[in-house]
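> In case you want the letters, here they are:
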Amino acid sequence: MLEMKHIKKVYRTESIETHALEDFSLIVGGGEFVSVTGPSGSGKTTFLNVAGLLDTFDSGTYLLNGMDVSRLSDREMSQIRNRTIGFVFQSFNLIPDLSVFDNVDVPLRYRGLPASERKRRIEQALGMVGLSARTKHLPSQLSGGQQQRVAIARVLAGEPKLILADEPTGNLDSVMTREIMDLLERINDSGTTIVMVTHSPECAERAHRQLHVFDGRIVDVERPRVTLAREGGSGVAATLN
Amino acid sequence: MFGYYVQTALRSLRRTPVLTAVLIAAIALGICISTTFIALRHVFEKDPLPGKSQSLFFVRLDNWDPARAYVAEDPKSLPPQLTYKDMRALMRSPIPGRQTGMFISRMFVFPPSAKVRPFRQTIRLAFSDFFPMFNIPFQYGSGWDKAADAKPEQVIVIDAAMNQKLFGGGNSVGKTVRIADRNFKVAGVIAPEWQPSYRYYDLAQGPVPPESIFMPFNLTPVMQIRTSGNSDGWKDFGNTPEDFLNSEQTWIQFWVELPDGAKLRAYRDWVTNYVRDQKTHGRFQRPLHVEINSMQDMLEQFGFVPKTVKAMSFVSLLFLIVCSLNLVGLLLGKFLARVPEVSVRRALGASKVQVFWQHVVECEVIGVIGGAIGMLLSVAMLSVIAKVLQQANGNSISGVSLDLEMVGVSIFLSLVAGLMAGIYPAWRICSVAPAMQLKLQ
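Note that the protein sequences, when read in sequence, are chains G and S.
Position 38 (the first sequence) corresponds to 1095 in the working numbering; numbering is contiguous.
Position 429 (the second sequence) corresponds to 1339 in the working numbering; numbering is contiguous.
It should be emphasised that the hints constitute simulated quantities derived from the structure, not laboratory data.
There could be a bad hint or two in this list.
Said to hold, decoys possible - Which residues of chain G face chain S? A partial, calculated answer using Cβ under 10 Å:
(1) Thr1103
(2) Asp1112
(3) Gln1136
(4) Pro1164
(5) Gly1169
(6) Ser1173
(7) Glu1174
(8) Arg1177
(9) Gly1187
What the hints assert, rightly or not - Here are the computed distance ranges between Cβ atoms for each label pair:
(10) S:Leu1329 - G:Arg1235: 29 to 35 Å
(11) S:Arg921 - G:Glu1242: 33 to 39 Å
(12) S:Val932 - G:Val1278: 56 to 62 Å
(13) S:Ala1343 - G:Asp1080: 22 to 28 Å
(14) G:Asp1154 - S:Gln964: 53 to 59 Å
(15) S:Val1263 - G:Gln1198: 32 to 38 Å
(16) S:Leu1246 - G:Glu1242: 37 to 43 Å
(17) G:Asp1154 - S:Gly1079: 58 to 64 Å
(18) G:Ser1247 - S:Tyr914: 48 to 54 Å
As the list claims (entries may be wrong) - Each computed SDA-like pair below joins lysine to any residue, with the alpha-carbon atoms no more than 25 Å apart:
(19) S:Lys1262 - G:Val1067
(20) S:Lys1262 - G:Arg1132
(21) G:Lys1065 - S:Val1342
(22) S:Lys1262 - G:Leu1129
(23) S:Lys1061 - S:Pro1004
(24) S:Lys1262 - S:Ala919
(25) G:Lys1193 - S:Leu920
(26) S:Lys962 - S:Phe1164
(27) S:Lys1075 - G:Leu1129
(28) S:Lys1262 - G:Asp1115
(29) G:Lys1176 - S:Met1017
(30) G:Lys1193 - S:Met911
(31) S:Lys1189 - S:Gln1134
(32) S:Lys956 - S:Arg1186
(33) G:Lys1218 - G:Val1126
(34) G:Lys1065 - S:Gln1347
(35) G:Lys1193 - S:Val1342
(36) S:Lys995 - S:Gly1243
(37) S:Lys1262 - G:Lys1193
(38) G:Lys1193 - S:Arg1248
(39) G:Lys1193 - S:Met1346
(40) S:Lys1262 - G:Gln1136
Glycine residues also receive a C-beta, built at the ideal position from the N, C-alpha and C atoms.
Taking the hints into account, I'd like the entire structure generated from these sequences.
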């Protein structure tokens, strides 16, 4: 699903060079649930941004679904973000003046789907996260957990192959955290690959595989607790430097 | 996607109502000013007789002083009007389909009703061809016929306003009205919709509204009518009316209708031969110079668009540009405040181009709303200008309004203004890197 080899990403200002990713290599198979932990500033979010085609990298190769993404145009990358990748953010990133329905609708609009198909997908996705009755609510009228569920419904409506979650439970209490993690597990059970950056050891443990990032490199891999049996998941292992 | 962009734009505009009002007001002001002055210019520039004007030609001859040109500094200049005797001679040409000489005079009109006091009125004297040549529509009756020209009969054509004034409206054909010292029978009443902004058939008098009464040209010698319009001469024109008619004084505008190029060439030859012949009689001592120009050429040559209107239309466009450019900063601030939302949209699959167009559409929505308001203001402003012109000219100026063409121009200007204001902010917002914003939110 996702294959990075020797990825290097440096942020430069006039006086400072920050090596956010350094010789970063990783393979994530289809259907895997991978957690990425590490201290602040270790490069977790940079990795997620590069993986999600939201940021570029300086060197190395990145194959997404077997496709080299380094030479893609903005339009092509946008299409991949729209159709293949789903993002879940720590701060939910819902558009405040759009209703729940319209928030879930945003990626589908850019996909150019007909109205009936969009409506079907939105209702189905909101049903999956238990928010069918809140379609007309604004984000500000929902709890944090509910907002995150809307964000996940927005991902589900797009039926992506890969979900990139950046501390999805970072702003939630323990009850909501469990709820969201249960939801992510269910999504993963249906075959969707999930890469989740988290600070929480409890959340990280629920992944099939745990990676630890430090100074822009993967320094530790927790072997899967269970053998991956899903399609595309068997035989997949993290590749260390 | 366009519908979604419009929805998003309207939502965005509702989010910041005060800023939106300022943006729309600025565009509205710019459109109002620019549309008003461009419309005013358009009134004077547009083809007064679409489909007909290309077959109407204005004839000029150089009968001027052999020692100097009509305009001393311009040796090729010609007097804009003809002498009476040249007009008479040209009327004998069989080539034009229609032709008319004409001039204006001021006479006293004595209304049939004692309730209306006699008044002095500008009257146009022309031949019967005048009405079909210039597509004058009739509400009642028609223009007089060639027999009335020849006799000449004491008939008149009046416009709808004069019909209202003299006869209280209604069909007044056959009724009589006293003008000067004679009674005239009404032959026709011009339809009220005929309201040209200026006398496009009289290039010597400047852009003023048409007359309300027309009578046969051939009454001129009979009634010893003198022109009250422009009259140019370089020789003494005597003391009697007959002396004046036989003088080198130019005071008659002369139009011919020539349906095609062949007729035009033939007529040009005919007129040239006439001038050559006159030269043998001691007239036309300047180099042979005959001008037969189309109506559009003449409107341009005579500069019917007042210079102030030309200048104001140019300045008003600059004003619109300034209004638009002033909005760039406001829109940039508005758009950059939306970086987090744009970053989310980018993450969810919006391309740079889509973000760019979404914001351009928002600017265009501002432009269209502002343009619509500006157009309404422009209509009001034009009616004020029409009233000012009315006071200045002592007559109503019609046609000073927005026609369909000008509505189109106004919409175009609105879109251009919106684009000018929004293209840079839209480009800036679509160039924002989304990654940082997504984490910071």
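> Going back to the hint list, which numbers does this structure go against?
As far as the earlier hints go, 6, 7, 8, 9, 10, 18, 27, 29, 31, 32, 35, 36, 37 and 39 are violated by this structure, in ascending order.
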